[in-house]
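> As they're listed, the protein sequences go chains A and B.
Take the first sequence: its letter number 395 is residue 395 in the numbering used here, and every next letter is one higher.
Take the second sequence: its letter number 347 is residue 347 in the numbering used here, and every next letter is one higher.
Calculated from the structure, these hints are not laboratory results.
Since the model is a prediction, treat every value here as computed from it, not as a measurement.
Any given hint could be a false lead.
One copy or two, either will do: identical chains are not told apart, so a pair holds if it fits within one copy or between any two.
[Said to hold, decoys possible] The calculated lysine-lysine pairs, modelled on DSSO-like cross-linking and capped at a C-alpha distance of 30 Å, are:
(1) K520 - K102
(2) K214 - K123
(3) K135 - K214
(4) K214 - K136
(5) K422 - K136
(6) K214 - K604
(7) K284 - K351
(8) K17 - K81
(9) K102 - K492
(10) K608 - K596
(11) K385 - K306
(12) K358 - K81
(13) K492 - K81
(14) K123 - K529
(15) K463 - K102
(16) K123 - K520
(17) K30 - K257
(18) K463 - K95
(19) K30 - K135
(20) K123 - K136
(21) K306 - K351
There are 2 protein chains.
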Amino acid sequence: MYRTHTCGELRVTDVSKTVTLAGWVQTIRKFGAITFIDLRDRYGITQLLFGEDLQSQLDANPPGREFVLQAVGIVQERSNKNSNITTGEIEITVKSFTILNKSAIPPFTITDETDGGDDLRMKYRYLDLRRNAVKKNLELRYAVSRSTRNYLHEQGFMDIETPFLIKSTPEGARDFVVPSRMNPGQFYALPQSPQTFKQLLMVSGYDRYYQIVKCFRDEDLRADRQPEFTQIDCEMAFVQQEDILNMFEGLVKRIFKDVKGIDYNDMVERMTWEDAMWHYGNDKPDIRFGMHICNLKKPGSVYVNKEDKAALINGADFKVFDDAETVLCIAVPGCSEYTRKQTDEITEWVKRPQIGMKGLVFIKCNADGTFKSSVDKFYSEEKLKAIAEAANAQAGDLILVLAGAEERTRKAMSELRLEMGKRLGLRKDNEFRLLWVLDFPLFEYDEEGNRWVARHHPFTSPKPSDIEVMINNNPVITDAAKYLEHPYAGIKANAYDMVLNGNEIGGGSIRIYQRALQEKMFTALGMSKEEALHKFGFLLGAFEYGAPPHGGLAFGFDRLCAILGGSESIRDFIAFPKNNSGRDVMLDAPSSIDDKQFDELQIKLDLKA
Amino acid sequence: MYRTHTCGELRVTDVSKTVTLAGWVQTIRKFGAITFIDLRDRYGITQLLFGEDLQSQLDANPPGREFVLQAVGIVQERSNKNSNITTGEIEITVKSFTILNKSAIPPFTITDETDGGDDLRMKYRYLDLRRNAVKKNLELRYAVSRSTRNYLHEQGFMDIETPFLIKSTPEGARDFVVPSRMNPGQFYALPQSPQTFKQLLMVSGYDRYYQIVKCFRDEDLRADRQPEFTQIDCEMAFVQQEDILNMFEGLVKRIFKDVKGIDYNDMVERMTWEDAMWHYGNDKPDIRFGMHICNLKKPGSVYVNKEDKAALINGADFKVFDDAETVLCIAVPGCSEYTRKQTDEITEWVKRPQIGMKGLVFIKCNADGTFKSSVDKFYSEEKLKAIAEAANAQAGDLILVLAGAEERTRKAMSELRLEMGKRLGLRKDNEFRLLWVLDFPLFEYDEEGNRWVARHHPFTSPKPSDIEVMINNNPVITDAAKYLEHPYAGIKANAYDMVLNGNEIGGGSIRIYQRALQEKMFTALGMSKEEALHKFGFLLGAFEYGAPPHGGLAFGFDRLCAILGGSESIRDFIAFPKNNSGRDVMLDAPSSIDDKQFDELQIKLDLKA
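Using the sequences and the accompanying hints, generate a full structural model.
Here you go:
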C-alpha cells in the first residue's frame, strides 16, 4: 500500500499519529517559508503542511495541480479549523514526500464549477470523472444498484444473466447487429431488452428473476438518449398485476430510504391512462401539484366515456372555440394580477414552434370576485364565472385556455401546465411523488399502415375481460375513418407505468402466456404465421410446455438515478457516455476497421454517395 | 398471487391450514379412486392428494406431465413420510384445482438423469433449465455473484459500468464489431474486457472498482469456450502486488465460506512461474497432490537458473535419453506392482495424438528395495536407485519417465501427472487448493514475426527491478537463434494468476502507469508511434495527467462457478449458452438480416465462394 489512510478519514482523535497519504494535488499555497498542499482522493481532502526543511526539495521538484503525491507525516490539530471538510480539524506536518507521477496542466479545472465546456469534458472524461459533482453521481448510481440488489434478494429474486449475442427481430426500434465470422452471412443482434429471455425463465420455473443489464437501441439519438443504456429488469411468475405493483413500489420506497434517507410512507397513487390524459394531458403526470386540466370541449370520438363542458362555451359566436376540436383550460393559482406584459409573454411561449399553438385566451379571476378576460367581447361575466367554476378556479387565479386540434392542444396544455408549475415553484427538487399509470390501450392505430401496433410490446396481455374481445374479432380495419369504432380500439392492456415527478421511470405488464393468444397478437400486428415462427418460434414453442401466468417490469436505471440525483440529464450519471451522434469522443469510437477484419467477416462497405 | 405458499415450504407445523399452491406436474400416480400428483416449483415438490370427489373432474380434464396446476387444499400429515424431500412429512388434500396451462409431452424427461441428449436439451433450453441439476448450477452462480458483491462492497469497491460499444483495437484475440448506422463506414467493437476503462477509472481516482461484466471474444471455439463470457473485473489504485494478493484471496475465501460452507483458513500458497513449470510442467498446477516432476535432463537454454540431474542418466549409451532435449520423471505412489497390461496401457495413453510421445520408460521401486525397469539393459540397479532417490520415490512407487523435445515433453509429463493423480483418486472433488502463480515472463517470443508479444497484455508492468532493463534496451531481436539471450527474455512481469485445483480462475497484474514506459511497451510489441496513438491515445493521454500506481485482476466467473460446482463444463453454469459454432440453437441465432438493415448500415455481404 502506498498509504496508511485515505484523504478523508483523519480526525482530531488521530493527532500525533505518523501516517502516509497518497492522492492528487488539489491546491498549493505558499506562505513565506511554508507551503500548504490540499491532497485529494476519492474520500476527501487533507491539508499537508510542508515546513521550512522541505522547501528546497519542493523547489527542486515543484509539484503542480493534479500531481500524484505520497506524503509521510504527523497528524496535528489545526489552529485554523475548516468546518467545510470532514478532515478540517487536522493537518499533516509532512516529514518526507515522493512525487509518484506528474501531471500536465489539466485542460479544465477539477472543481465543482469547472471552466470546461461539454465537449472538452467528454474528451477528457477521465479528468471530468475526478470532479466531485460527477463522483457524487456515480456514487449515487452505485447506491441505487446496491439497494435494488439487496431488496430483490430479500424478496427471493435471482440475478440470472441473459445473452448479449441474440437474434435480430426488428420490431419498433432498430437492432444493433454483429456479423458472425463463424457463420458467414449471418448476424447476431444486441438485445433491446431481455424480454423474451426473462419470459423463458418464467416458463423454466425461475419465478423471481432480476438483472441490472445493458440494453441497446440503434435509434436516432434525441437529447438524453444513449445507444446503450441500463435497465433494472424484473419478472415474476404466478402473479397478478396487484402483486407486481406492490412488489415494485416496495423497491422504489426502499431505494428512497437507502439512497436519499426518505421515508416514503404514503400510498403510491394509481391513475388510469385515460384519467392521466384527461386531467394532465399526458401519460406521465407530475402530481407534485394540481392545476388539473378542465376539458371545456373535446371531440366525441376520443375519451368516449368522459363528459366535457362544451355547453359553457358554445353559442357565444366565438369562432376560435367554435372551430376548435378541443378547448382546454387550467386555473393557475394566484396569478390574476399578471400584467399585460406577463400574459403576452405566456402567449408567446405557447406560440413557440415546440408548442405550436396559435394563441392563448386568459380569464382573470379577480380577488374581488369579478372576472376579466381576453374574450370579454364573447363571454359575459356570468359565463366567465361558470367557466371558472368548472375549472375549479379561486378568486385570484388566472385561467389559461388553449383551443385547437385534439392531440396538439392536449399536449400543449400539458406543457403549459408543467411550465406554470415550474414558474410557480410547485415542482420541488426535494419532493418525490410516485404514481402508477394503469389501463393503457393495448393497441395504437398506425395511420400509415392502417393497422394496429403494440403500444407496449407484443407480449403484453390484454385485461382478462378483454381477452375474448381480442380472440373473437378480426383485427383487420376495414374502414380507416372509423378505426376508433373497431373493437380492438377499446382493448385495455394489463400494463402499468411507474411515474416519478412527471418522468416514466419504469413500466411493464402482465404477459401473454397462452400460445393461441400470442399468435393472435402477432396476427393483429400484421405478422404472417411464417414470420412469427421465424422470429419468435422459440417463445411460441415454450408456451406449449406449461407456461405459467407471469408478468414483470423494467426500470430505466440511468433515468432513475438522474431523477434521484436531481438532474435532467442521464449522461451525468454514466461513467463513459456517448454524445448525440453516438460517438465516444474520448475513445474516438466508432472508427474504421482494417481490411483483415472485413475479410474475415465476409462483409464490405456499401456507402451511399 | 396464484398461491399462498411455494411447493417447498410447508411442514408438519402447517397441518390443517388451507393453502393454495401453483406449480408444475412432476408425476401422477393413480391408486383406485385416489390420485397423487407431485407438484414442483423452484422451491421444491409437494404431494397433492386428490380424493374420490375430484376423480370425475380429473378424468374430464386430465392433467399431464408439466401441466401448470393451481390447487387449493388442506395440509395434512402424511402417514407414509418421505425423508428425501423437505416437504415429505405432509401432503395437501385438494379441495379444488385449476389447470392454468397445458403442456405437450416434453421432448425429454425433466429429471436429474434426463434422457435428453445435448442438442435436444440446448434446443429446448427452457425445459432443460427446469431440471434440478441445472437449477442448482444457476443458484450457485447467483450465490457466487452475491458473495462477491458483498465482499467487495465491504472492502470499499464501487461497481461502475463501463461501455459495451467501444473501439476496435485488435490485439491478440479478435473483436466482435458492430456497424454504426449513424456513422456510416465505422464500427464499434464489443469489449474483450474493460481493461483500459478500469485503468482510466484509477486515473480518475475511483481507487477500488469492480464489475461483474460480460466480455466478448471472436475466437474459434474450443470445447468449453463461449463467445460471450462473464468476468469479475477488479482494479485498485495505490497498491502493490502484495495488497492485491491479500484482497483477492480474501474474496475467494469468502466465496468458499458463503457458497460452499468451507472455512479456507490455510495460507494461499505462492509459487513462481518458473517453479510451476519446473515441478508441475504447467503454469496452473493442481497442488491437491504432490508427484512432483523430477528434471533428469533439460536444455541449457531454458530454466537457466535450474539444475537438472543429467549426470544420473548420461553415459549409459541409452540413445533415447541421450538424444532427447528433455527427460522428466514422476514417482507414482504405490504402483510398483502394476502389471504389464497396466504399464502397456499407460504407454498407449502417452502415445495418443493429444499427448504425442513416442514411448514411456518405467522403473518399478519394489517393496523389497530392489528395482526393475524397462531399461535394465542400460541402467544398473544402482543407477536406478540413484534416479529413484532423485525422483523422491519410495519403495512401492512406480517411476514414469518421458523423453523428447522440451516443450512437448514437459506438457506431456504435466498431463501424465494429472492423469495418474486422477486414476489414484488424488484429485478430490470436495478438496479445494488455491495457489498464486507469480513472476511470469513479461514477454513471449513470437517465432513467426521474430518479435516479442505480451504474455499477459500490453498494460502489465515489469517487476520494478526490470523497468530499467526494459527502458534501456532495444527490443529488436537481431539474432533469432539467440532470442533467449536478449535482455527482454529475462524480464519478469508484475503479474499473478490464481489457480484452483489446476484451473486458472483469475489473473491480473500491476499496470504500467507512466506514459514513457507504456510507449516503450507498445514499441516492444512492434507498434508504430502512430498506431499506438490511434489505438490507445486516450490511455497515453490519461497517463499525462497524474496517473496513480495501480493494478488489478479479473476472475473468469463462468469457470469459477463450474469448478465450485464440481463440473468441467462452463456451459452447465450459463442460462443460455451457445454451442461450439457460436450458435444459439434455441433462438436459431445468428441468422440473416433483412435488406433494409443492410441498406441502413451501408454494408453488404462479401461471401467467399
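> Run every hint past the structure and note whether it holds.
Here is how each hint holds up against the structure:
Taking the shortest Cα distances, K520 and K102 sit within 30 Å of each other only across copies (18 Å), while inside one copy they are farther apart (66 Å). Both within a single protomer and between protomers do K214 and K123 lie at most 30 Å apart by alpha-carbon distance, with minima of 23 Å and 25 Å respectively. Taking the closest pair of Cα atoms, K135 and K214 come within 30 Å of each other both inside a single copy (21 Å) and across two copies (24 Å). In the homo-oligomer, the alpha carbons of K214 and K136 lie at most 30 Å apart both inside one protomer (22 Å) and across protomers (26 Å), since each shortest distance falls under that limit.
Taking the shortest Cα distances, K422 and K136 sit within 30 Å of each other inside one copy (25 Å), while across copies they are farther apart (53 Å). Within a single copy, K214 and K604 get their C-alpha atoms as close as 28 Å, and across copies as close as 28 Å, so both meet the 30 Å cut-off. Taking CA atoms no more than 30 Å apart as the test, K284 paired with K351 passes inside one copy only; the shortest distance there is 23 Å, against 72 Å between copies. For the homomeric pair K17 and K81, the shortest alpha-carbon distance inside one copy (19 Å) is at most 30 Å, but the shortest distance between copies (66 Å) is not.
Taking the shortest alpha-carbon separations for K102 and K492, only the inter-copy value of 26 Å comes in at or below 30 Å, while the best intra-copy value is 63 Å. Taking CA atoms no more than 30 Å apart as the test, K608 paired with K596 passes in both settings, with 22 Å inside one copy and 14 Å between copies. Proximity of K385 to K306 under the C-alpha cut-off of 30 Å is restricted to the intra-copy arrangement: shortest distance 22 Å within a copy versus 103 Å between copies. In this assembly of identical chains, the alpha carbons of K358 and K81 never lie at most 30 Å apart, being 61 Å within a copy and 80 Å across copies at closest.
Taking the shortest Cα distances, K492 and K81 never come within 30 Å of each other, neither inside one copy (64 Å) nor across copies (49 Å). For a Cα distance limit of 30 Å, the shortest separation of K123 from K529 across copies, 21 Å, qualifies, whereas the shortest one inside one copy, 49 Å, does not. In this assembly of identical chains, the alpha carbons of K463 and K102 lie at most 30 Å apart only when taken from different copies (21 Å versus 64 Å within one copy). Only between protomers do K123 and K520 lie at most 30 Å apart by alpha-carbon distance; the minimum there is 25 Å, versus 50 Å within a single protomer.
In this assembly of identical chains, the alpha carbons of K30 and K257 never lie at most 30 Å apart, being 45 Å within a copy and 53 Å across copies at closest. In this homomeric assembly, K463 and K95 come within 30 Å of each other (Cα to Cα) only across copies, at 28 Å, whereas the closest approach inside a single copy is 74 Å. Taking identical chains as interchangeable, the C-alpha atoms of K30 and K135 lie at most 30 Å apart only when both belong to the same chain, with a minimum of 29 Å there against 65 Å between chains. In the homo-oligomer, the alpha carbons of K123 and K136 lie at most 30 Å apart inside one protomer (20 Å), although the nearest pairing across protomers, at 46 Å, exceeds that limit.
Only within a single protomer do K306 and K351 lie at most 30 Å apart by alpha-carbon distance; the minimum there is 28 Å, versus 86 Å between protomers.
Hints 12, 13 and 17, counting from the list given before, are not met by this structure.
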